[in-house]
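These protein sequence lines are chains D and V, in that order. Mapping to this note's numbering: the first sequence position 124 is 384, numbers consecutive. Mapping to this note's numbering: the second sequence position 15 is 132, numbers consecutive.
Source of the hints: derived by calculation from the structure; they are not laboratory data. Quantities reported herein were computed from a predicted structural model and do not represent experimental measurements. We put the beta carbon where it would ideally sit given N, CA and C, even for glycine. Hints may contain errors.
[Said to hold, decoys possible] What the simulated footprint calls covered on chain V by chain D, stretch by stretch (three residues with Cβ under 8 angstroms from a Cβ of chain D suffice, anywhere in the stretch; the number is not a length):
| # | stretch |
| --- | --- |
| 1 | 130-138 |
| 2 | 222-233 |
| 3 | 236-244 |
[Said to hold, decoys possible] DSS-like mimics (lysine-lysine), calculated; alpha carbons at most 30 angstroms apart, straight line:
| # | chain 1 | residue 1 | chain 2 | residue 2 |
| --- | --- | --- | --- | --- |
| 4 | V | Lys176 | D | Lys269 |
| 5 | D | Lys457 | D | Lys481 |
| 6 | V | Lys176 | D | Lys268 |
| 7 | D | Lys481 | D | Lys410 |
[Unchecked claim] Where chain V lies over chain D, by a calculated footprint (3+ residues, C-beta under 8 angstroms):
| # | stretch |
| --- | --- |
| 8 | 312-318 |
| 9 | 349-357 |
| 10 | 360-371 |
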Amino acid sequence: MKKFLQNKKLLSAFIIVIVIIAVLGGSVSLRNKRNSPLFIQSFGNDIVAVGSRIVDVPLGLISGGLNNVNSLLNTQQENDYLKSKVTDLGQTKARNQALAAENKQLKAALKLKDTLTGYSLINASVISRSPDTWSDLLVINKGSSSGIAKNQAVMCGGGVIGRVIEVSAASSKIELITTTDKSANRFAVQATATNGKTVHGLITVNTNGGLAFTQVVDSNKLKKGTKVYTSGMGGNSPKGLLIGTVEATTRDSFGLSNMINIKPAGEINDPSVVSVIVRKVAK
Amino acid sequence: MRIFREWVLAIALFVALTLDGSISLYLHQFMTWNTYGASCWIMPIGIMLIGLFDDVNSKEIWLALGAGIVADISTLGIIGIYTVFLPLACWACQRVARFLPEVFWSRLLVVLLGLTLLDLYSWVVLSLVGIITVSVHMMLMSLLLNLGWSIIFFVLTYWIWGNLATNYPFMVDLNAYRQ
Chain D
261 MKKFLQNKKL
271 LSAFIIVIVI
281 IAVLGGSVSL
291 RNKRNSPLFI
301 QSFGNDIVAV
311 GSRIVDVPLG
321 LISGGLNNVN
331 SLLNTQQEND
341 YLKSKVTDLG
351 QTKARNQALA
361 AENKQLKAAL
371 KLKDTLTGYS
381 LINASVISRS
391 PDTWSDLLVI
401 NKGSSSGIAK
411 NQAVMCGGGV
421 IGRVIEVSAA
431 SSKIELITTT
441 DKSANRFAVQ
451 ATATNGKTVH
461 GLITVNTNGG
471 LAFTQVVDSN
481 KLKKGTKVYT
491 SGMGGNSPKG
501 LLIGTVEATT
511 RDSFGLSNMI
521 NIKPAGEIND
531 PSVVSVIVRK
541 VAK
Chain V
118 MRIFREWVLA
128 IALFVALTLD
138 GSISLYLHQF
148 MTWNTYGASC
158 WIMPIGIMLI
168 GLFDDVNSKE
178 IWLALGAGIV
188 ADISTLGIIG
198 IYTVFLPLAC
208 WACQRVARFL
218 PEVFWSRLLV
228 VLLGLTLLDL
238 YSWVVLSLVG
248 IITVSVHMML
258 MSLLLNLGWS
268 IIFFVLTYWI
278 WGNLATNYPF
288 MVDLNAYRQ
């Protein structure tokens with residue numbers, strides 16, 4: 261022990277390792293517990309976000325140009341598909357309006373204010389992605405000044421793609437739904453089984469990196485193609501946000517519960533514009 | 118103007134950091150294959166090349182430390198990945214540069230080895246703190262993919278980092294020696 265204390269190099273290395281572990285542990289703990297990051301972290305995030313927006317302009321122009329060419333090549337096929345959908349759209353829109361009006365009247369009759377399905381949207385642009393291959397993080401150009409808060413759900417391309425994990429004044433970080441983070445908040449979801457009953461569960465990530473609907477307590481079967489929505493029970497996201505559709509049903513590694521593979525509905529690989537969901541009903 | 122010249126390298130590293138995020142966003146579809154993905158590490162490549170091109174300026178190790186803290190805060194939100202690796206990599210590259218042939222290929226090998234170590238180090242630390250759960254097989258496959266993309270980024274930025282490190286060393290005014 262005396263020799264160890266006299267060896268200055270060894271002692272310095274030991275102290276540095278201890279400091280690194282302490283800083284790492286402290287920052288991980290802060291990341292998980294705090295609703296908003298420390299001022300210095302928030303400031304750093306915003307400075308890098310400003311830089312990203314500047315760099316994003318020329319890159320966006322190049323990427324946009326290439327996408328436009330691709331869109332032009334697919335125009336005819338897309339046009340034919342859209343024409344087939346237009347006929348249904350008018351009827352669906354009229355029916356939705358009637359249902360929304362009826363819903364409003366029924367809520368007023370029952371003296372209900374906000375319900376689990378109520379939410380508003382904040383649209384934002386994605387300005388960068390985590391450069392390392394391990395973490396699934398996006399950075400968007402809106403922050404707490406626009407009303408964004410930690411744990412709000414984020415949608416893109418018609419489905420949920422993740423949730424807000426860190427909010428600065430002018431930027432926010434989104435953790436994708438495919439994250440393998442053990443401490444990540446999971447979405448409480450539901451789907452309608454073949455017998456008409458509602459099945460509840462959580463969205464997790466399977467070993468292949470795909471989405472799975474687990475912890476289903478009852479043994480009701482879900483057909484392939486069944487839509488899975490948020491149930492609003494987690495306290496963070498509203499009810500009725502589309503997560504994806506059922507792809508296949510298996511048993512989990514312990515053989516105890518159903519493991520249902522989900523095909524994500526949201527645009528996880530190429531999100532450019534996202535909608536942050538602000539739940540109306542209080543937590 | 119003198120102060121700007123002394124800080125050009127720091128500004129370049131900041132631009133590289135923002136480019137890393139933007140390129141990861143736009144090229145994500147091309148940088149992933151099945152469930153395996155590659156990292157976009159222009160800034161770490163820059164730090165290592167700065168160490169290899171300029172092996173006498175110890176201030177660049179402090180620059181690497183600063184760049185590491187900013188990178189950790191802005192990407193992962195935890196301090197201990199880039200903050201530890203970048204100054205260590207810069208120091209090691211400066212030591213290696215003293216006996217390494219000053220040619221493209223030898224520097225490429227050193228940088229690829231460094232990026233592989235960064236990939237492994239980040240995988241170990243992130244797994245230990247529970248932020249990721251990635252299997253060894255997936256990690257090894259991603260390492261291979263990462264090496265391929267790192268070669269591309271290295272080739273594209275080699276001369277830029279070389280010129281910057283040679284002509285604009287951090288916190289050193291070369292004009293003071295020239296006059």
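Violated constraints from the hint list, given by number and in increasing order:
Failing hints, ascending: 2, 7, 9 and 10.
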